[in-house]
Amino acid sequence: MLVVAFVSFSLFNFVGDPINNMVGEETSDEERSELRETLGLMDPIHVQFSRFVVNASKGEFGISYQLRRPVSELITERLPATIELVVISALIALITGTLLGVYTGINRKSFVSDVILAVSLLGVSLPTFVIGILFIYLFAVILGILPSFGRGEVVDLGFWTTGFLTISGLKAIILPSVTLSLFQMTYIIRLVRAEMMEILQTDYIKFARARGISEESIKYKHALKNGLIPVITIAGINIGTLIAFSIITETVFQWPGMGFLFIQAVQFVDIPIMSAYLVFIAFVFVMINFIVDILYYFIDPRIRVKGDTVSG
Amino acid sequence: MSFLKIKNLSVDYPMRKETVNAAKGVNIEVNKGEILGLVGESGSGKSTVGNAIINLIDEPGKVSSGSVFLGDLNIHEDHKNNVKYRGKKIGLIFQDPQTSLNPILTIGEQLIETIQTHLVLTKEEAKERSISLLNEVGIKDAAKRFDDYPHQFSGGMRQRVVISLALCCEPELLIADEPTTALDVSIQSQILDLIKKLTKERNLAVILITHDMGVIAETANRVAVMKNGDVVEIGITKEILTNPKKTYTKSLVSSVPPTNKKISRFVIIEKENNNKNKDNLKILNRWTKKKIIKQDLVQVQNLSKSFDDNFFTESSKNSIMAVNDVSFNIREGESFGLVGESGSGKSTIAKMIVNLFKPSTGEIFFDNVCITTIKKNFEMMKFRKQIQMIFQDPYSSLNGRLKVRDIVSEPIKLHNPLISKNDLDSYVFDLLESVELTQNSADRYPHEFSGGQRQRISIARALATQPRLLVCDEPTSALDVSIQAQILNLLKDLQEQLNLTILFISHDLPVVRQMCDRIGVLRDGKLCEVSNTEDLFLKPQHDYTKELLHLMPKIESIYN
Amino acid sequence: MDNIITTWSRIKDSDIFFSFKKSPTAIISSLILFIIFFCSFFVELITPYNPFDPSSLSLMEAFTPPSWTEDGLSKFILGTDGQGRDLLSTILYGSRISLIVGFSAIMFSLILGVGLGLTAGYFGGKYEMVVMRLTDVQLTVPSILMALLVDGIARGLISREMHDEMAIYVLIFAIGISEWPQFARVSRAATLVEKNKDYVSASTIIGVSNLIIMFKHILPNILRPVLVIGTIGLALAIIAESTLSFLGVGVPPTTPSLGTLIRLGNDFLFSGEWWITFFPAIFLVILAFSINLLGDWMRDTLNPRLKK
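Chains as they are written, first to last, in the working numbering: chain R, 1 to 312; chain V, 313 to 872; chain U, 873 to 1180.
Mixed in with the good hints there might be a few duds.
Said to hold, decoys possible - Derived pair list, reagent style DSBU-like, types lysine-lysine, alpha-carbon separation capped at 30 Å: (1) V/K401 - R/K206; (2) V/K697 - U/K1088; (3) V/K435 - R/K219; (4) V/K663 - U/K998; (5) V/K456 - R/K206; (6) R/K206 - V/K452.
What the hints assert, rightly or not - What follows is a set of in silico ranges between Cβ atoms, one per label pair, in the way DEER data are often shown: (7) R/N107 - V/K396: 20 to 30 Å; (8) V/T331 - R/D114: 24 to 34 Å; (9) U/F910 - V/N540: 24 to 34 Å; (10) U/I899 - V/K688: 51 to 61 Å; (11) U/I983 - R/D300: 32 to 42 Å; (12) U/F1087 - V/L850: 45 to 55 Å; (13) R/V87 - V/K670: 46 to 56 Å; (14) R/I95 - V/S762: 50 to 60 Å; (15) R/R302 - V/T493: 23 to 33 Å; (16) V/R756 - U/F913: 12 to 22 Å; (17) R/N107 - V/S566: 47 to 57 Å; (18) U/L1095 - V/D855: 47 to 57 Å; (19) V/D836 - R/S110: 51 to 61 Å.
Everything labelled a hint here was simulated from the structure, so no lab data went into it.
Glycine included, every Cβ here is placed at the ideal spot set by N, Cα and C.
Kindly generate the complete structure, drawing on both the sequences and the hints.
Quick look at the structure:
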């Protein structure tokens, strides 16, 4: 985490002179140095850094260059949109992906499997934005049944705004979440399939067959349980990637989330937003890794129970 | 009346270029209460037959003809229904206990599941039965260990669990596919005794598949010898081993290293390649053959090596002492054997002598110079020329991407950078000839050669720098017994003609007896005993040595 | 000459070529790729139009639909865009940019990643730990994000005009940096496997230097999985580049890639001129799909364990 904070901080301070970025061309030199004083830019580096960290943990990131509003405000405004989008997409990708992956891994020779695989390959080749545009065109322009941009009506729950409680909100989230989930889904399908196929080749599966255990039991009890273990890690990384790819989806669908904010920040070199986004992302990833490790502990007995090599 | 009758069983594997007939019209019969040994070298089809009985052949292979009778029942009649005999009438156990068990289920769960698949019992009843079974196979504290996971058991214990799983539904036939090959010799004898006991008590018909003739001699009542998918000979074990009729069987039996005496060379009946040049080795033209001085070529003093488990904490708490204060000497021109079970440290010692690892403490002297403290690379090079090694695994000891010529010339070019191309080529040919390979092997790639031939290439490479000491780390453990005999003969011949000193590492006592003048016995990193070979075998001093000798499977036991 | 003949017959005889011949997908995708590469690189010879020469454009011909529709003209097979540029030519020019960026980025990634991974696996110790930590940290950051970040930083550091000029290099660097951990990870894992093999020990005992062992012995043996990752990575790099260009932070508008074209065409989508965005998109998908097919086939063929 600290590494990331440091990177954000350096971004903040060294990439371009923040003062120049913040004020217009006409501000006099005097005013500029005054501003520097107030912002504490004259203090030694380590003081600035610790201030940055302290502020960051309090959620304060300074003021956006471009939009002239406090970054933290912007973030809290946009956060719910992104979170909701990502959560729904993650669910879609994971559930569908795992189911299809298991199916194609177990039924290797069926025609349906081949079709699924071909489609999944196509899915990996389709950039998210192309999918998005396609969907918009299909559903919004041609069929006109789903909205092509925005979030629909949202209900304000105090610190969180949700689109789940309105019909238009629900409608609006369909296209973006499906678009976002597709790329991941195909990736998950291939991964799970590879896992399943490898497991079905192991000695213990062969031994189970030799003992007369039924094929269904072998596939769905023995193989599946073992196959699900790596899926947990995949799920973790998945959420991370989804958050990143949401940048694209939000742009295409003009979904008012953090990704959209970030892109604009990059285009206008709006450092505070960039660094805030970075810190936020890093935090999410660290949390996810942590949760995945804990989950692993519960699921894989080899980690949970220490092996014992007492000879005998 | 035989219980198991295999009639005319054939198994084919249609491959890309041709169809491989893994089993050709095999006829075998086994009675209840009898152990039939199915012996053969790799590729003989013995495992295939075992798997075919319960239709466990992996695609693209299939049983193309034949029938299998259990009593009066032809279990191959209805291929689909054949499955229901698995576990119920026939139990099968595999070689590697490490991978045979599902790692995320407790052994209790796996037992109960198997039992309930075939027998109508409640969970409680199944559990009771499982626990008594675990007791029967010798697992202590069976009731408590019922809820343990496979990785909590040691190798030998795991194999017992595997056996209990195979027998839990009271099958009448047990097929054991190399059940002890992956285990240490002490555990091996326990498992074999267990199998013998179960055969008697439960009146089982047992097929024991193995490549080890000693195991056959001690365990099997009758034996079937297979080669290339055919059953070459079948009969009572004593008959087959003492009076083999077919050439192949004779060759097989004579290749087995005797455990009760020392012979100078193995008798080879069917040779792999007949390229033996009876003249003197041509490479002697280039070798300056050193006269043998009666001195110690190698002196190992207080050698210790510990491997730290955790990279960060170099505390001795977590470290494993692979080698613990070992000292011995090797005289020039002799063959010194280092013997021990897995984990005894023998390979580690070898690797320190060839300078792949540095010892934690202790010193190694070569020709009276301490080689463990040499820091300069170019000084080390002088010694690297003189100490070479050949390895256990013929498949990983050669770089598959290089031609044989390049593999063998690498050491030559490194130590003689100015050598001309013609000189280099002819030296390579001479080296290949000295290991009984033809000249045109030079332009081929390793994958075109068999395991035995690859070991020959390794030997050629090792000889390229005219070493004085040749370290052999289990050089024949991965080879079939008939090939082993040929390679061991080759090593003996080379040693004689080139005045080599050999350090021979192995876990296989009979082999060591044939190859070595003196032997050191290792256990858990410590040297238990060092003495002359014959003294060691006839009058062992240390208890551990006595135990090893007692437990080693002897083909001569058939005479008792 | 001899060597070439023997190498060719060795290839023909090999298992890989055999499954290549047998697999229609491999043949078709290679063919498609070959055509695309050829056309993109020799585009000047193929098309009569130069879409970037303003003098050859005529606004009168803008927004012409594809030739098979009723308003289409036969000289513009796929129609024209908002400035009268022939769509087919612009697509081919665009794909050349996309391919150049994609390839360069992946080569950069590969060299960096394999270099670090190979040395990390071989030497081990603290060096290996550091490299692996780095890959771990970077792998948690999705590549798009990484590329965006690098690009953003670059924009802040370089002035606007220079940035446009250097945009391609920045882009290559950005995408390259985002993909190297995969190569490093795969190379290290493969190196660890090879390092433990006896032929490496044998060479060490002979006295061969570390450098030679790494490049002569280990490197050729780890290339297989690297190649698979490379092919799939190429597809990802091309998609990444087009995504970035689409988002407006990729190649400058003066040298548009497929992604830029799609973005430009997007504006016209709702007013009915669907072809301006449609054809570049289809082209991109076909390109990526063919690469992925090839990569997939390679992965299946080169994986000994899943042989069936």
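Going through the hints against the structure:
no.: 1; hint: V/K401 - R/K206; result: holds, 17 Å
no.: 2; hint: V/K697 - U/K1088; result: holds, 21 Å
no.: 3; hint: V/K435 - R/K219; result: holds, 22 Å
no.: 4; hint: V/K663 - U/K998; result: holds, 23 Å
no.: 5; hint: V/K456 - R/K206; result: holds, 27 Å
no.: 6; hint: R/K206 - V/K452; result: holds, 27 Å
no.: 7; hint: R/N107 - V/K396: 20 to 30 Å; result: holds, 23 Å
no.: 8; hint: V/T331 - R/D114: 24 to 34 Å; result: holds, 27 Å
no.: 9; hint: U/F910 - V/N540: 24 to 34 Å; result: violated, 52 Å
no.: 10; hint: U/I899 - V/K688: 51 to 61 Å; result: holds, 57 Å
no.: 11; hint: U/I983 - R/D300: 32 to 42 Å; result: holds, 37 Å
no.: 12; hint: U/F1087 - V/L850: 45 to 55 Å; result: holds, 53 Å
no.: 13; hint: R/V87 - V/K670: 46 to 56 Å; result: holds, 55 Å
no.: 14; hint: R/I95 - V/S762: 50 to 60 Å; result: holds, 51 Å
no.: 15; hint: R/R302 - V/T493: 23 to 33 Å; result: holds, 25 Å
no.: 16; hint: V/R756 - U/F913: 12 to 22 Å; result: violated, 40 Å
no.: 17; hint: R/N107 - V/S566: 47 to 57 Å; result: holds, 52 Å
no.: 18; hint: U/L1095 - V/D855: 47 to 57 Å; result: holds, 53 Å
no.: 19; hint: V/D836 - R/S110: 51 to 61 Å; result: holds, 54 Å
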